[in-house]
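Trainee: One-letter residues, chain by chain:
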Amino acid sequence: NAGVTQTPKFRVLKTGQSMTLLCAQDMNHEYMYWYRQDPGMGLRLIHYSVGEGTTAKGEVPDGYNVSRLKKQNFLLGLESAAPSQTSVYFCASSEDRQGATDTQYFGPGTRLTVL
Amino acid sequence: AQKVTQAQTEISVVEKEDVTLDCVYETRDTTYYLFWYKQPPSGELVFLIRRNSFDEQNEISGRYSWNFQKSTSSFNFTITASQVVDSAVYFCALGRGSTLGRLYFGRGTQLTVWP
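These protein sequence lines map, in sequence, to chains A and B. Each residue of the first sequence is one higher than the one before, starting from 1415 at the first, in my numbering. Each residue of the second sequence is one higher than the one before, starting from 325 at the first, in my numbering.
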């Protein structure tokens, strides 16, 4: 099993450009998440999904959109990139266990720089 | 509100020293989950442990041990006989028992182990 994979690993954008980050998991997990990691800030939740076709906002959703068309994939989109979106982006997935927070398994991260 | 505090931003030790990383959490939930993740210099997030609020038994795994104390809302992590390979950022995280599995992360502790 590959676990959680993310593409691309690195990307440089100019302000105003758009891009999509792809997350894929092969563990048949129901839940998927996108976090961003900034220096000294820990990880903050951007959006998450509790199943195919569902998405919900997290702590810092502004400027991002997501889609979960297939259970194994979770896409994060930046429609008009801003320098404040320079960050490392992590995708994670976990099983669905009602009333419990199951372990989240993380992808390797995508380092995004917006000039 | 849920909150995780890792007061130690950076810790430096010499190899073979024992080191304890502190984690203090805040929640009003009676059911919750606590996690530790390791982020080595390569950048990925590695799951170390998950503990639920009803299990206050300490856990030991090789050189790693965790001390969970509900009375002080703490979930501290000790590395015995530290090694250079333990150098990493360590994150403590809190998950709720009744909602959708999102994690609340502390800001992390950078541990450097010198040879």
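Keep in mind that a hint or two might mislead.
What the hints assert, rightly or not - Straight-line C-alpha distance at most 16 Å; calculated EDC-like pairs for lysine to aspartate or glutamate:
hint: 1; chain 1: B; residue 1: Lys327; chain 2: A; residue 2: Glu1444
hint: 2; chain 1: A; residue 1: Lys1484; chain 2: A; residue 2: Asp1452
hint: 3; chain 1: A; residue 1: Lys1423; chain 2: B; residue 2: Glu368
hint: 4; chain 1: B; residue 1: Lys394; chain 2: B; residue 2: Glu383
hint: 5; chain 1: A; residue 1: Lys1484; chain 2: A; residue 2: Glu1466
hint: 6; chain 1: B; residue 1: Lys362; chain 2: B; residue 2: Glu380
Said to hold, decoys possible - Only some residues are given here: those of chain B computed to face chain A with a beta carbon under 8 Å:
hint: 7; residue: Arg352
hint: 8; residue: Gly367
hint: 9; residue: Leu372
hint: 10; residue: Phe378
hint: 11; residue: Phe392
hint: 12; residue: Lys394
hint: 13; residue: Phe415
hint: 14; residue: Gly419
hint: 15; residue: Gly421
hint: 16; residue: Gly432
As the list claims (entries may be wrong) - Over 10 Å on every C-beta distance to chain A, these chain B residues come out as not near it, computed from the model:
hint: 17; residue: Gln332
hint: 18; residue: Thr333
hint: 19; residue: Glu350
hint: 20; residue: Glu368
hint: 21; residue: Leu369
hint: 22; residue: Ser389
hint: 23; residue: Gln393
hint: 24; residue: Ser398
hint: 25; residue: Thr402
hint: 26; residue: Gln407
hint: 27; residue: Ser411
hint: 28; residue: Val437
Think of the hints as simulated: they come from the structure by calculation, not from any bench. We put the beta carbon where it would ideally sit given N, CA and C, even for glycine.
Trainee: Now look at each hint and say whether the structure bears it out.
Mentor: Right, here's what the structure says about each hint:
Straight-line distance between C-alpha atoms of Lys327(B) and Glu1444(A) comes to about 25 Å, which puts the hinted pair past the 16 Å bound. Of the pairs offered as hints, the one joining Lys1484(A) and Asp1452(A) is violated, with about 29 Å between alpha carbons and a cut-off of 16 Å exceeded. The hinted pair formed by Lys1423(A) and Glu368(B) meets the criterion: a straight-line CA distance of about 11 Å does not exceed 16 Å. The straight-line distance between the Cα atoms of Lys394(B) and Glu383(B) is roughly 15 Å, inside the 16 Å bound, and the hint therefore holds.
For a cut-off of 16 Å, the pair hint linking Lys1484(A) to Glu1466(A) stands: about 6 Å separates their Cα positions. With a C-alpha separation of about 22 Å, the suggested pair Lys362(B) and Glu380(B) falls outside the 16 Å cut-off, and the hint is violated. The interface hint given for Arg352(B) is violated, since its Cβ lies 15 Å from the closest Cβ of chain A, which is over the 8 Å cut-off. Proximity of Gly367(B) to chain A holds as hinted, the smallest CB-CB distance being about 5 Å (cut-off 8 Å).
Hint on Leu372(B) is violated. Least Cβ distance to chain A is approximately 10 Å, over the 8 Å limit. Annotation: Phe378(B) was flagged as interfacial toward chain A, and the flag is violated, the nearest CB pair being 11 Å apart, outside 8 Å. With a cut of 8 Å, the hint placing Phe392(B) at the interface with chain A is violated, because the nearest CB-to-CB distance is about 15 Å. Hint status for Lys394(B): violated, given a least beta-carbon distance of 17 Å to chain A, over 8 Å.
The interface hint given for Phe415(B) is met, as the beta carbon of that residue sits about 6 Å from the closest beta carbon of chain A, less than 8 Å. Nearest Cβ of chain A to the Cβ of Gly419(B): about 3 Å, under the 8 Å cut. The hint holds. Checking Gly421(B) against chain A: minimum C-beta separation of about 6 Å stays under 8 Å; hint holds. The interface hint given for Gly432(B) holds, since its Cβ lies 6 Å from the closest Cβ of chain A, which is under the 8 Å cut-off.
Consistency note on Gln332(B): stated as away from chain A, and its beta-carbon is indeed over 10 Å from all of that chain's, at 13 Å minimum. Listed as a non-interface residue, Thr333(B) fails to keep its Cβ farther than 10 Å from every Cβ of chain A; the least gap is roughly 8 Å. The Cβ of Glu350(B) sits about 15 Å from the closest Cβ of chain A, beyond the 10 Å cut-off, so the non-interface label holds. With a least CB separation of 5 Å from chain A, Glu368(B) falls inside the 10 Å interface cut-off, contrary to its annotation.
A cut-off of 10 Å between C-beta atoms contradicts the statement that Leu369(B) is not in contact with chain A; the least separation is 4 Å. Listed as a non-interface residue, Ser389(B) keeps its Cβ farther than 10 Å from every Cβ of chain A; the least gap is roughly 19 Å. Listed as outside the interface, Gln393(B) is consistent with that label: its C-beta sits roughly 20 Å from the nearest C-beta of chain A, beyond the 10 Å cut-off. With 10 Å as the threshold on Cβ separation, the claim that Ser398(B) sits away from chain A holds: the shortest Cβ distance comes to roughly 17 Å.
For Thr402(B), the condition that its CB be more than 10 Å from all CB atoms of chain A holds, with the nearest at approximately 21 Å. Gln407(B), annotated as away from the interface, keeps every beta carbon of chain A farther than 10 Å; the closest lies near 23 Å. Every beta carbon of chain A lies more than 10 Å from that of Ser411(B), the smallest distance being close to 17 Å; the non-interface claim holds. Distance check on Val437(B): its Cβ is at least 21 Å (rounded) from any Cβ of chain A, clearing the 10 Å threshold; non-interface status holds.
Hint compliance for this structure: hints 1, 2, 6, 7, 9, 10, 11, 12, 18, 20, 21 are broken, all remaining hints hold.
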